[in-house]
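> Letter by letter, the chains look like this.
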Amino acid sequence: MKPAIFDYFRATSLEHACELLSTHGDDAKILAGGQSLIAAMNYRLARPQVLIDISNIDNPNQITDETTGVRVKATTTQAFAEHDPVLRRRLPVLADAIRHIAHFQIRNKGTVGGSIVNADPASELPAMSLLLDAEYEIQSASNKQIMPAEDFFITYMTTALQSDEVLVSILFQEPPKNSGWGLHEVARRAGDFALVGSAAVIALDVDDKCSYARVVLFGVASTPVRAKEVEDAIVGQVCSNKFFEQAARKVSEVVDAESDVHVTDEYRGNVAEVLTIRALADALGRAKAAS
Amino acid sequence: MVDKKKISLNVNGVTYDKEIEPRTLLSDFLRHHLDLTGTHVGCEHGICGSCTILMEGLPVRSCLTFALQAEGKAIETIESLDTDGELSSLQNAFWENQGLQCGFCTPGILMSMKAFLKDNPKPSRDEIREALSGNLCRCTGYHDIVDSVVAAAEAALSSGSAEQA
Amino acid sequence: MRKPIEIAGVTKHIGVPRKRSEDPQILMGQAKYVDDIKLPGTLEIAFFRSTHAHARIKNLQLDGAKQHPNCLHIFTNEEFSAGATTFFPNTLGTLHPVLLPFLAHGKVRYVGEIIAAVVAPSRYIAEDIVDLIEVEYETLPAYNDVEDAMQPDATLIHEDLESNIYYADAFSNGDVDKAFAEADLVVSEKIKTGRTSAAPMETRGVMATWGWDETLTVWSSTQMPYPLRTSIAVNLGVPEQTIRVVAPTVGGGFGQKAHFFPEEFILPWIAKEIKQPVKWIEDRREHLLSAAHAKQCTIYMDIAFKKDGTMVGMKIKNIGDSGAYSQYPWSGLIESVAANNGAPGAFTVPNISFETVVCLTNKMSTGAYRGIGWSAGCYAREMVMTKAARLLNLDIVDIYRKNFIRHDEFPYTTATNQTYDSGDYHKVLEKCLEMSDYINTKKQPRSTEDGKLKGVGVAFFVEQTNWGSRSAAESGFPATMHDTTTVEMDPTGKVTIRSGQFSHGQGLKTTLAQVAAETLGVPFEDIVVLDGDTATGAYGMGTFASRSAVIGGGSVIRAATDVRNKLLTIAAHVMEANAADLEIDEGKIYVKGSPDRSMTVAEIAYITYYDRFARPDEDEVEPTLIATRHYDPPAAYANGAHAVHIELDPLTGKVEIKRVVAVEDCGNMINPKVVDGQMRGGAGQGLGMGLLESLDYDESGQLKNASFMDFLIPNATTLPDIECAHIVTPSPYTEGGFKGAGEAAMLSVHIALSNALADALSAYDGPLVPMVTPIGPQQVMDLINNTNQPEAR
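Chains as they are written, first to last, in our numbering: chain D, -3 to 287; chain H, 1139 to 1303; chain Z, 2 to 794.
You can trust all of the hints, since none of them are fake.
Label pairs and their calculated CB-CB ranges: (1) L41(D) - G1210(H): 26 to 34 Å; (2) G1151(H) - F614(Z): 53 to 61 Å; (3) T60(D) - S701(Z): 50 to 58 Å.
Please keep in mind that the hints were generated in silico from the structure rather than gathered at the bench.
All C-beta atoms, glycine included, are put in the ideal place defined by N, C-alpha and C.
Based on the provided sequences and hints, a complete structural model is requested.
The structure is reproduced here in structure tokens:
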């Protein structure tokens, strides 16, 4: 299919983009990589009347080292991020997650910000945002704000971003020193959207007890979800795979899945548990190796 | 109605100046405005990979790119691979190893592999399969394509040049 | 029947894996597919398609659309009311004709059915205009499952029929009841195979133009240019001799493009109506909605066994899901009738009864796709055999060996009256077992250290190839289906093959030239094959049903032999020798034993055209070097085996394919590399069918996955290397001893995959044998958890 008619503006700066958004409001959409948006437009599922192209504003790819983590400019391509040495060193789970996104041809153009704003609950970057306590820098013509990722995702493909706002950058925060990570997903083919995914980060204290735990699931609800009940069950405990089997049962508190052509909601719930055990096991292994 | 926009695109080393509707996809621009029909359209949702071209040397989906987004970026399509009808080493490897049957997916695969081999001159079969996973083929079952890429890599190494495609 | 020409083993041109002459143009991006062909002034078409599965069309509003400044024309059934009925006379049961209107007439019967055609300067604009069309639907009950549509109180999908079932037959041979009564074990299962699409990388496309000289030229991405020409003539009332159909380079077909689609009549009609060239290029969404679907059957399969594994009887009911229409031209029988007629497979089972039912539903109609109904039919038979093997404490290999037709029993007529020409099934099976290390693997533990399960499966197939009149009849489709080829040598001694076959990936420009080179004795490079254009080819049914090597190759052999004989007759006169003493090799004609007494083929050709004093008297010998011959061979049955190794994650149901082995016996091979390509491509599609592919409609008849996002075909990491081997038992009946090779894997590899799954799960209480395709993660977990299985019998 071919896209419906739209008018096209190339933003020369962030301010220019915000100005255009103010003028065109609900009729306009931001175009960065377009890998989600153009696909939807080709199906005429999305029909913005105005596109504001931000992909050419000075140095679209920027990744900077900051105290608490790594800041990624929203227009940075996924491929750039995947290969960035700072990101790989400080946030290996994020680098790994990005490698799961579609295929390298998509990642060469798709952006980190674009995938986040697209808010597909089965995609990796929104989930990584929750896992890494991401903070989103958001700007409009009249306002700037920092929003924590956990406030950003409302439901399927829907975020708290207003029609006159643009996502500027994302600060992914580094987990505690010597923490370990794990990421498991089930997809039917390499590069497909995950049917279910689970990511975990664990840090251990001197007594080998868990001092920090983060567990995030994707593909099991209308947004990515933090499995707080699983985290609470783990923190302060001595960890083992056996223990994780128990703790992982609590994913049922946050799983609110749907059935689709591939698998049922029940499958998603069951497999969320299985993958969480595996993600935790990997995280434990890496945490032990790090300390 | 929206006004047409002027566009200047550099494709295979040549600059083209045209006027187009903003919604014109790069795939359609190449195929219908420039008559470069070697780039094929198989799905228009970025999955099959038949439309893959190089933008600044990176493989991207021309069906998920508006032509206007490609301004200022060098585009390479399959028509740039041969030299006056003489096949490049990469193309030749596909010919020798029957890395194609109906040929519809082939342009996207050649462009993807040109870039892949530049960064990965000695890939294993598994690495090649991973790299090919973004290009769907319905005819070959992929085996002969993998053989072709292995052969292309070997040919490039033995002739001592990294960019043989 | 005259004795066919025998080719012994590998010769100068036959059995040679030469690279394909068509490839350089494709590799350079110069090959022209239908959307690459540019005619000045071409207008583009977008279709307004139904969004309801079963509804009456009330109040179609075109005014808003017609007011669009760029709207050139909108056509509906009001202007073009033609349609077609598929009708095979002499089928076993009564085939009630089902009318397919090319543009919907008063009601729609599946989501995607064409209601209106919009003509505009570009596809982009045409879609804008389609958006402005409004319609009210009066919805009717939509049927997703055949067994619901079959009920006596079901709403009629075609109101001129008495039932949604439009075909039923029954057949019996031997004493089935007695066999079942005396059996040691009877296994009865209900098998439901998934719906899929051939999904070639190039979607369909049609371009048509009406010339100043009142000729109609139609380009279509089709596998059957000549029959399409005839069909356009008949359906549009245009004289056939004024029509030219061109299949340009075609990007894959697999049988799906061997149909006549409404678009292939609408476009020519519009071109003639408005006297301007028009083009329609299908997008992928349209493709998944409205290009022929395939493989969905509901099969009740009962097999009776002796405890040593001997199969003594089979009882089958095959319910074909025809979709909303009877796909034109093969009809909706193409799955179930073919399946039932091939039910005994490679086995000597003597007592068989089958029932076939073909029923309409509110989905896209079902047509031919590589392997047709054999994919589902063989799957049903083999899954029952696998289950029986487990219950009898045997391996499937034991059952194979017990029931195979033996090498010395050919030609063998099966219980369904198909006569298999030749084969050595035991040898093929052994080769496959050896290559895949099957026996040893079966002795090893199934579990791996990291909690996965390993499994290996094997499957054997017999494939009916070269679909000519006799093969078609033996499969339940009596019809006349031969091809012709013209071989022509010009004054410079170069050769043109005008073929009724048409390649859409099979490399016929190379393989037919190989056959011609062998027969004529001229260099391969001196031969050009013209196929796909009815202005320059020869009448033939086209390329599908594994028929090109045999029928294309065979008719080339016959016509080339005629030309060769003529050449030698003329050369004998010119060289003052006996024709019987002359040889032709690499373009040189020489006297056997005296190689210096020679002339070139080019010299003799030139004399034939331009030197009436040197050539024989024109009243005795026609001074032409052209011959057209038909070929309509007896059925030839290829066979082979597949083995698949998998690793299964029993907690997620994810199956990884680790190794695939393919062994094929397709008789003599023209080009083994091309055959390998068919084996590997077929395995890819077969594994896709077995593991990933399912077109899913919801209860209201909406297709839930009309995109490549959710309709999944294998990518390069789904499949491992496909290890190939060839066994050769030539056909004693066909020219060259060739048999067809295209469909093989679709009768077998998905079975090997499911057998591997059953093997991986062999430690579980069961036996757990899947009775569905595909076996995605959900289906695997269902099997393990014993939920959601087709009802137990």
